[in-house]
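Top to bottom, those sequences are chains A and B.
In terms of this note's numbering, the first sequence opens at residue 1 and continues consecutively.
In terms of this note's numbering, the second sequence opens at residue 1 and continues consecutively.
For the record, the hints were derived by calculation from the structure and aren't laboratory data.
The beta-carbon is built from N, C-alpha and C at its ideal position, and this holds for glycine as well.
Treat the hints with care, as some may be off.
[Said to hold, decoys possible] Now the in silico label distances, taken between C-beta atoms and shown as ranges:
#1 Ala187(A) / Asp177(B): 47 to 55 angstroms
#2 Ala57(B) / Lys62(A): 49 to 57 angstroms
#3 Gln76(A) / Thr86(B): 37 to 45 angstroms
#4 Gly75(B) / Asp177(A): 24 to 32 angstroms
#5 Gly56(A) / His130(B): 33 to 41 angstroms
[Claimed, not checked] Stretches of chain B that chain A covers, calculated by requiring three or more beta carbons in the stretch to come under 8 angstroms of a beta carbon on chain A:
#6 9-16
#7 21-27
#8 30-44
#9 51-60
#10 68-77
2 protein chains.
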Amino acid sequence: MSDNKTIGVILSGAGYLDGAEIHESVLCLLALSQAGATVKMYAPTSELDEIDHKTGAPTGQKRNVLVEAARIARGQVEPTESVKGTDVDAWVIPGGFGAAKNLCDFAEKGAQATPDKDVSRIVRDALAAHIPIGACCIAPALLAVITKSSGPRLKLTIGNDEDTKKALAQLGAEHVDAPVTDVVVDADHKVVTAPAYMYGGASVAEVFAGIEKMVQQVMAWA
Amino acid sequence: MSDNKTIGVILSGAGYLDGAEIHESVLCLLALSQAGATVKMYAPTSELDEIDHKTGAPTGQKRNVLVEAARIARGQVEPTESVKGTDVDAWVIPGGFGAAKNLCDFAEKGAQATPDKDVSRIVRDALAAHIPIGACCIAPALLAVITKSSGPRLKLTIGNDEDTKKALAQLGAEHVDAPVTDVVVDADHKVVTAPAYMYGGASVAEVFAGIEKMVQQVMAWA
Numbered sequence: 001m002s003d004n005k006t007i008g009v010i011l012s013g014a015g016y017l018d019g020a021e022i023h024e025s026v027l028c029l030l031a032l033s034q035a036g037a038t039v040k041m042y043a044p045t046s047e048l049d050e051i052d053h054k055t056g057a058p059t060g061q062k063r064n065v066l067v068e069a070a071r072i073a074r075g076q077v078e079p080t081e082s083v084k085g086t087d088v089d090a091w092v093i094p095g096g097f098g099a100a101k102n103l104c105d106f107a108e109k110g111a112q113a114t115p116d117k118d119v120s121r122i123v124r125d126a127l128a129a130h131i132p133i134g135a136c137c138i139a140p141a142l143l144a145v146i147t148k149s150s151g152p153r154l155k156l157t158i159g160n161d162e163d164t165k166k167a168l169a170q171l172g173a174e175h176v177d178a179p180v181t182d183v184v185v186d187a188d189h190k191v192v193t194a195p196a197y198m199y200g201g202a203s204v205a206e207v208f209a210g211i212e213k214m215v216q217q218v219m220a221w222a
Numbered sequence: 001m002s003d004n005k006t007i008g009v010i011l012s013g014a015g016y017l018d019g020a021e022i023h024e025s026v027l028c029l030l031a032l033s034q035a036g037a038t039v040k041m042y043a044p045t046s047e048l049d050e051i052d053h054k055t056g057a058p059t060g061q062k063r064n065v066l067v068e069a070a071r072i073a074r075g076q077v078e079p080t081e082s083v084k085g086t087d088v089d090a091w092v093i094p095g096g097f098g099a100a101k102n103l104c105d106f107a108e109k110g111a112q113a114t115p116d117k118d119v120s121r122i123v124r125d126a127l128a129a130h131i132p133i134g135a136c137c138i139a140p141a142l143l144a145v146i147t148k149s150s151g152p153r154l155k156l157t158i159g160n161d162e163d164t165k166k167a168l169a170q171l172g173a174e175h176v177d178a179p180v181t182d183v184v185v186d187a188d189h190k191v192v193t194a195p196a197y198m199y200g201g202a203s204v205a206e207v208f209a210g211i212e213k214m215v216q217q218v219m220a221w222a
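With the rest of the complex left out, here is chain A:
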């Protein structure tokens, strides 16, 4: 495991229904901290559609993605437009609906989704430079959306959800089932993915077990 490495984390808000999944984000930060990484956090400056997390209903209000991400980042978050894919030693992208609503529109459009342009640029440049990427929960679908037209064909997991697997196949990705405590490693492209809360009934400890493996693989490559 390497230390003295700088890892970029892309956040998409704060709250699993309209932003970054909070548990996954913090568990990524914990595993990165335990591995001795220096973390820099980034988020788009776009607006998200606020969901009431008690009722699950849309409120009709907007929130700024970066300003909400700053709740997870304790203020230390910069715009994705300000960073290059090659500025860090690796990237980690937590899940939550934010990854599928604010970093791309996969939640609404499935296999017809298009990505946020800055996040797409970061991921494409990182892949081209063989900079490692870890992604969990629904964030692997974002990687599939970004790579669908120009490749490479990534091997990844979102757990075992059949509808999502179908969409990933349509996007050209190779899906491999995995339990919540495990990861799928695409060594050719230095991409490692973990299902996390794609298993909605998983315990926090189970989600952390998978995320810890994901981060350890990212750090081993970085």
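Model the placement of chain B on the given structure of chain A, informed by the hints.
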């Protein structure tokens, strides 16, 4: 360490400047999950004063404490008014300014603070029944506010911040300095406290080390 125990967690929003500290909350949930606890989350239904977490400035807007806490709780949070202090085997209270703004008004009034009535009832009934309580960051000040008039005199830590220590002394609590990775145990009253992000420059791994000790002590008593 006991398992098959139900632990109540009191949240005060989602975001360290106007609610529950997100890292501390998730790290408490992780340590509880790793210890085999069943967790039930609670929050007041009052309103909080929203702070922009990127700029640190008040926005002039309000948010509902419970609805924001639901972002951390993935929807599974109930009103503090619906639970008794003796309904669970132990209580855990993460920090963040929410503990000092939304569970009491310590952030504004210091030693003259008064607590939220339901949180006060829960804590007083738990202490009277020798139900263990773990609290971190600024949340120990909430315990001091609640016990100032009717006791007991608690031994606790908020790290080593001099101004906060003075206020705790005025509230009648006994403060013991502790580093971020450690806890202070009041075995007589089954109260364990950890400094967490009272050390603002602490790493996530250091904060987890202290919170893990806090949760393990809570579970050993529960």
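Verification of the supplied hints:
For the hinted restraint 47 to 55 angstroms between Ala187(A) and Asp177(B), the CB-CB distance of approximately 48 angstroms keeps it satisfied. At roughly 19 angstroms, the beta-carbon separation of Ala57(B) and Lys62(A) lies outside the given 49 to 57 angstroms, and the hint is violated. In this structure the supplied range 37 to 45 angstroms holds for Gln76(A) paired with Thr86(B), their Cβ-Cβ distance being about 41 angstroms. At about 27 angstroms, the beta-carbon gap between Gly75(B) and Asp177(A) stays in the expected band of 24 to 32 angstroms.
Taking the beta carbon of each, Gly56(A) and His130(B) are about 38 angstroms apart, inside 33 to 41 angstroms as hinted. With 3 residues having a beta carbon nearer than 8 angstroms to a beta carbon of chain A, the region 9-16 of chain B meets the requirement of three or more and the stated coverage holds. Only when three residues or more bring their CB closer than 8 angstroms to a CB of chain A does the claim for the region 21-27 of chain B stand; here the count is 4, and the claim holds. By the rule of at least three residues with a Cβ nearer than 8 angstroms to a Cβ of chain A, the coverage given for the region 30-44 of chain B holds, with 4 such residues.
A count of 4 residues in the region 51-60 of chain B with a Cβ less than 8 angstroms from any Cβ of chain A is obtained; the coverage claim is therefore met, three being the minimum. Coverage of the region 68-77 of chain B by chain A holds. Counting CB-CB distances below 8 angstroms, 8 residues qualify, and the rule asks for three or more.
In this structure, the one hint that does not hold is number 2.
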